[in-house]
Every structure is written in C-alpha cells, then in structure tokens.
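Peer 1: One letter stands for each residue in the lines below.
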Amino acid sequence: MELNNEEIRRYSRHLILPEVGLAGQKKINATSVLCIGAGGLGSPIAMYLAAAGIGKLGIVDFDTVDYSNLQRQILHTDADVGRSKAESAKETIHGINPNCEVVIHNTRISSENALDLIRPYDIVVDGTDNFPTRYLTNDACVLLKKPNVYGSIFRFEGQASVFAPHLGGPCYRCLYPEPPPPGMVPSCAEGGVLGVLPGIIGCIQATEILKLALGKGTSLVGRLLLFNALDLKFRELKLRKDPQCPICGDHPTIKELIDYETFCGIVPEPENNGNPDEVTVQDMKNALDNPVLGIKVVDVREPDEYEIAKVAGVSLLPLSELQSRFTELDPNTQYYLHCKAGVRSMKALAFLRQQGFKYVKSVKGGITAWSDEIDRNVPRY
Amino acid sequence: MDSVIANGKPVAAQVPCSLETFLIAQKLLPRSVVVEHNGEAVAPSEFSQRQVRAGDRLEIVKIVAGG
Numbered sequence: 001m002e003l004n005n006e007e008i009r010r011y012s013r014h015l016i017l018p019e020v021g022l023a024g025q026k027k028i029n030a031t032s033v034l035c036i037g038a039g040g041l042g043s044p045i046a047m048y049l050a051a052a053g054i055g056k057l058g059i060v061d062f063d064t065v066d067y068s069n070l071q072r073q074i075l076h077t078d079a080d081v082g083r084s085k086a087e088s089a090k091e092t093i094h095g096i097n098p099n100c101e102v103v104i105h106n107t108r109i110s111s112e113n114a115l116d117l118i119r120p121y122d123i124v125v126d127g128t129d130n131f132p133t134r135y136l137t138n139d140a141c142v143l144l145k146k147p148n149v150y151g152s153i154f155r156f157e158g159q160a161s162v163f164a165p166h167l168g169g170p171c172y173r174c175l176y177p178e179p180p181p182p183g184m185v186p187s188c189a190e191g192g193v194l195g196v197l198p199g200i201i202g203c204i205q206a207t208e209i210l211k212l213a214l215g216k217g218t219s220l221v222g223r224l225l226l227f228n229a230l231d232l233k234f235r236e237l238k239l240r241k242d243p244q245c246p247i248c249g250d251h252p253t254i255k256e257l258i259d260y261e262t263f264c265g266i267v268p269e270p271e272n273n274g275n276p277d278e279v280t281v282q283d284m285k286n287a288l289d290n291p292v293l294g295i296k297v298v299d300v301r302e303p304d305e306y307e308i309a310k311v312a313g314v315s316l317l318p319l320s321e322l323q324s325r326f327t328e329l330d331p332n333t334q335y336y337l338h339c340k341a342g343v344r345s346m347k348a349l350a351f352l353r354q355q356g357f358k359y360v361k362s363v364k365g366g367i368t369a370w371s372d373e374i375d376r377n378v379p380r381y
Numbered sequence: 001m002d003s004v005i006a007n008g009k010p011v012a013a014q015v016p017c018s019l020e021t022f023l024i025a026q027k028l029l030p031r032s033v034v035v036e037h038n039g040e041a042v043a044p045s046e047f048s049q050r051q052v053r054a055g056d057r058l059e060i061v062k063i064v065a066g067g
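Taken in order, these protein sequences are the chains called A and B. Residue numbers for the first sequence follow the numbering used here, beginning at 1 and rising by one. Residue numbers for the second sequence follow the numbering used here, beginning at 1 and rising by one.
Hints were generated in silico from the structure; no laboratory data involved. All values reported here derive from a predicted model rather than from experimental measurement. Where hints are given, some of them may not hold.
The calculated lysine-lysine pairs, modelled on PhoX-like cross-linking and capped at a C-alpha distance of 20 Å, are [unchecked claim]: (1) A/Lys-238 to B/Lys-62; (2) A/Lys-241 to B/Lys-62; (3) B/Lys-9 to A/Lys-233; (4) A/Lys-145 to A/Lys-255; (5) A/Lys-26 to A/Lys-211; (6) A/Lys-56 to A/Lys-26; (7) A/Lys-233 to B/Lys-62.
Bound-form chain B, shown alone (with noise of 0.2 Å):
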C-alpha cells in the first residue's frame, strides 16, 4: 500500500482518494478536524473534491474543547 506522510509520520493509506476519504479511513471525523495539504490551507467544503497522493503532506488537527 501507499503511503503519505501525516503530521510527519508516514501513513498507509489507499491512494490517491479524496480527503475525506482517507480521514474516514484513519478513522477521523471529516467535521472536526483542520487539515493542512502539501503546505495549503483547505477548507472542510474543499475535502470531498481534494485528492490526496502517494508521498503528500498532511497536518491534521483535531477538536478539542477544554477550558
């Protein structure tokens, strides 16, 4: 399997397949989390349509709420 390199480690994953995709598969939710892209800052709108390839960077994010 491909791999790509998520908040610098690197990931199997199915790729290429769009966002959302790979962050269900990580088992994220694609509502709560901010993702950064090969450097490019995406919108949660933008994650269904942006593919993601063998070898890309992500930074990924999740929600916290404490206070």
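In isolation and in its complexed conformation, chain A is listed as follows (with noise of 0.2 Å):
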C-alpha cells in the first residue's frame, strides 16, 4: 500500500528517521495489534499506536467507564463515565487517526473465544488487570505463536517484557508457572496506583510493538524490564526460558485452553445463600443501630482509607497491625469486619479464627457495598 499525502504528512517524522523510512512505515500501517484491556495500560498503548500509524487495532474490553479509571485511563474522558470502555476507545483512537481500523470487542475475553480474537492480529498486547486473563492470554498467545507484550502494574512499580517462544524467548508461565493463591497479591483496587505509572509502562509495551513491527532493534524478549516510580529507577533481570514449562517447555501439558478462574483458585460465589463467614452490609446497619446486640463492628483498611470514607460508630484496626494488636479484641465477643470490598476482612477473619477467635464474621462487598446499599454520602473511591 503506498502512502498518499496527507499520510506523508502524518507520519513525516517517522519518514525521515533511517530505522524507519518509508519501508518501516508501510511496516507500520500494515501491521494489526490486538489490545487486551482498555483500561490503564491499554490507554496509551492504543493511542500511540494508532499515532504511530498501526493499521488494524483490536480492542478487548468488555467493562464499563466508571469515575475511578479517569485518574490514568486518558483513553476516556469525563463525560464517557458510564459508556462501554470499547466504544469510547474508539471514539478516541479515531480522533487521533482516522486512517487506523478499530475493531471493538465489547466482550469478555474466555476460554471460549480468545483463540478466535486473537488469530486474526500480528501482535498481541496484555493490558489485562487480573491474573485468569493473563495465563489465559499467554497461553492462547504460545498456542498461536503470536508475540504477547507484556505489562503490569501495581503501586508504582511497573513490569514489562515480550513473551514469545516462537522466537526463542520465555512465556509468561516460565517466569510464574502458577498463580498465587487468590487474594495474596492485591489488585489496583485494593492497593492503589499512581495514575501516570500505566503512561510510562504502556508506552514501553507501545515502543516493543512498533519495533516488532519493523524488525529493528533489540526487543525484550528475554528480558523483564522493571521499573519504580518513587526511585526512578529501571531495572533489568534476565529470563529464560523454562523446559519444564507446561505450555512451552520440552514436554507441554497444557495443549489446549483451560479453565482459567479455576486455574486461579477463583470460586465462583454461589447465589443469595453465600458463604456462612459473610454478612451483609444490612447486617452490619443492624449491629451499628442496635447496640444491645453486643456487636461490635471493626475497619481492618489501613489508616489513609479511613480517611477517605468511614462509617460512623465502627473502631479501625488496620490488618496490616492484627497480628501485633490482636490482644486489643475480646475472643467472645462477637465482631463483623468490614475493609474496602471484603477481601481483607475475610484474611482479618481468617487470622483471628485461628487466634480463637469463635465470633467474627466478615462483612460482604465491604464499605463498597455500604456506599451503594445503605449511605451513598460514604465516598466510594
């Protein structure tokens, strides 16, 4: 495909740097990259690409806008809270450059369909947030031989790397052949991220992407690139690739999609009856206006959440201090722990249990739920 004029003009001051040149932009054009996520890390990488010229670009996201992602989500603006995340990408990578295809996918990706999306694009680009689509998009990615390039972050560390064993580098199950245990390792949600990180990560992805796509320089593959934020600093560990991995090493196991959530530990929750250790946030209104039940209700979120968003009449006891100031609670009494969305107070539960504790329960969907069901005036953050 030649260039015409405007595109010339777009795309002048690639035209003119050797590495590129008109070859390296027709590259460029010709190229399709499918983005997993439109959420942090997928903002800039869509939008740089579709700057750089990338001719096709898929976008898997099936998620809402929601005012929490605006923070470092610059692929969405104000007024797109509450929009499909997929179409308002679109709206904006088209304002960019018309000339770049958008493909939405406004849809899960599964076991079920991530063969399909992904077979028809050159390059594939992880900006997941979850660990289930992250073993399910290397593992579609091996099994398809597509380069995956590879982001995550969290805090204000950052991680990439272009997992590829076609091209004689490690997958992503060679650096962590399994996930850890749910709730180990805690998400965006749960313990922040600062809103330029995904900027600087995504755009590395974004630079791997384009030297993929022309065939220059020295890529990742093999290499993890780390980066912090609070230091400045970028750090490099080598990788290799493992023989015992069980989707790319010598003796595979793993030769078709699996079940992902479940692979994670993920439990789905069962309907209306629930798990016998949760309350709901009814449940814990009852306790807060009827003392008499002698049931006292404890925030185990750290000091700076409270901060944010409280309820009235509840005591904080940061989990981060349980072990040392356990001793501050009575066993007999009857406690309902509440954190930001219940994952930490079911570990609050989990320990106190196992200190004797016969009495505690763990309060469903936390302040979160709260916020939503018993006092919108409590700030969701």
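Dock chain to chain to rebuild the complex, using the hints, since each chain is given by itself in its own frame.
Peer 2: Next comes the structure, spelled out in structure tokens:
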C-alpha cells in the first residue's frame, strides 16, 4: 500500500528516521495489534499505536468507564463515564488517527473466544488487570505463536517484557508457572496505583510493538524490565525459557485452553445464601443501630483509607497491625469485620479464627457495598 | 548469621540453602517471583536445586497483575 500525501505529512517524523523510512512506515501500517484491556495500560498503548499508524487495532474490553478510572485511563473522558470502554476507546482513537481501523470486541475474553479473537492479529498486547486473563492471554498466544507484549503495574512499580517462545524467548508461565493464591497479591483497586505509571509502562509496550512491526532494535524478549517511580529507577532481569514450562517447555502438558478462573483458585460465588462467614451490609447496619446486640464492627483497612471514607460507630484496626494488636479484641465478643470490598476482612477473619475468635464475620462487599446500598454519602474510592 | 545481597541490600539468611528454601524463609511464594542469581536467569523449575551461598547476589521480583 502506497502512502498518500496526507499520510506522508502525518508520518513525516517517522519517514525521516533512517530506521523507519517509507518501508518501515508501510510495515507499521500493515501491522495489526490486539489490545486486551482498554484501561490504564491499554490507554497509552492504543493511543500511541494509532498515532504511529498501526493499520488495525482490536480492542477487547467488556467493562464500562467509572469515575475511578479517569485518574489514569486517558482513553476515556469525564463525559464517557458509564459508557462502554471499547466504544469510548474507538472514538478517542478515531480522533487521533482516522486511518487506523479500530475493531472493538465489547466482550469478556474467555477460553471459548480467545483463540478466535487473537488469530487474525499479528501482535497481542496484554493490558489486563487480573491473573486469570493474563494466563489465558499467555496460553492463547503461545498456542497461536503470537508475540505477547506484556506489562503490569502496581502502586509505584511496573514490569514489561515480550513473551514469544516461537522466537526463542520465555512465556509468562516460564516466569510464573502458577498464580498466587487468591487474595495474596492485591489489585490496583485494593492497593492503588500512581496515575502516570501505566503511561510509562504502556509506552514501553507500545515501543516494543513498533519495534516488532519494524523488525528493528533489540526487543525485550528474554528480559524483564522493571520500573520504580518513587526511586525513578529502571532495572532489568535476565529471563530464560523454562524447559519444564507446562505450555512452551520440552514436554508441554497444556495443549488447549483451560478454565482460568478455576486455575487461579477463583470459585464462583453462590447466589443468595453465600458464605456462612459473611454477613451483609444490612446486617452491619443492624449491628450499629442496635448496640444491645453486642456486635462490634471493626474496619481492617489502612488509616489512609479510613480518612477517605468511614462509617460512624466503627473502630479501626488495620489488617497490617492485626498480628501485633489482636489482643485488643475480646475473643468472646461478636465482631463484624469490614474492609473496602470484602477480601481483606476475610483474611482478618481467617487470622482471628486461628487465634481462637469464634464469633467473627466478614462484611460482604465492604464499605463499597455500604456506599451502594446503605449510605451514598460515604464516598466510593 | 550469613547474609546475601537481595535487590542490592544485605539480607540475613541461613545459607547455604536452596533458592526455594531461601525464598520461603523470606516469606516469598517461589511460584510468584522471578529471580536472577549472580547475574544469571534461573527458571522456577531450578529453584529447588539451585544453591544460595553467603555473599551471593539475588535480584527478586514479585508478580503483579494490575493494568
């Protein structure tokens, strides 16, 4: 495909780079990329790739835009809150470069659709935010021999690499053969993330994609690049392909996609009856409204979170201090524990049970559910 | 107790021991970290045989999933 005059002007700063030139720009224009996730990482990736002239950009995201996304997900604007992320992304990308063909997949990537979604694209970029989808993306890319441009972020730190066993490098499972037990590694929703961090890591992923398209430079295959925003330092680890890797090793045991939720230990929540260790926010309200019941409510979030949003009548005992301070609680009193969403309060519950506390329950959905169902004046964060 | 250099800082450890034992003693999940040992990449399947000795340099990275 020849470049028209408008494209020659648009890509002129590429065209005058000897490493890109007209031939390189044509390669970029002929490349298709599937971006899994249109969130923090997906935003700079999709926007820069579109600007650079990637010919076809697939966007997979089933989610809608939330106010809490806007601090970092620059594909979406204030006016997009409540809209489909995939739709919003398409509009933003089209505004940057109408020559970029955007295909939106407003669906959750799953074992059933992943191979069909990925197959038509040259390169896959992982901008997802959870373990099951990361393992799914990895396995599908290994099976289809597609380069998987990886990035992940948490708080002030990020990592990036290019997984491509078919090019001699390792895959995600060569690094992390198994996921951590559920709840062991907090998500950005639980632990926070500096808004610009996905900008930095996402731009590194976009750089790697352009280099793959051009066939230039030294890629991150076989290297894990790490970034720490607080120290403003980069470091790098050498990686190797694991001959024992269950999907790309010498004797692979995974030959097709599996159930990734089960693999990551995520058990679907039963409807209604739920977990006997859990109570609802309505139960928590009853406890607070009726002190005669003798039920105490304890917030196990960190003090900074307590400052952002709290419920009157609840005492604070952060999970991080529980081990040293649990003796402040009475093992014979009935406690309802809450956190932000119900994960940490379950951990606190498990710990207190071990210490002999018999009457402890975790508030399902935490203060987020309280804000949704009981008191909208309590801010969601 | 002897020490090793983990991520640039000295860490007291009962060495020599296997890399897997060292990681568990540091309260790290051996399947959820990437390790470079004295500048060499180490695959997770080698963690149980790889010996860590006093003064060794380790770079350890924990898994994160945010995006």
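Peer 1: If any of the earlier hints don't hold here, list their numbers in rising order.
Peer 2: none
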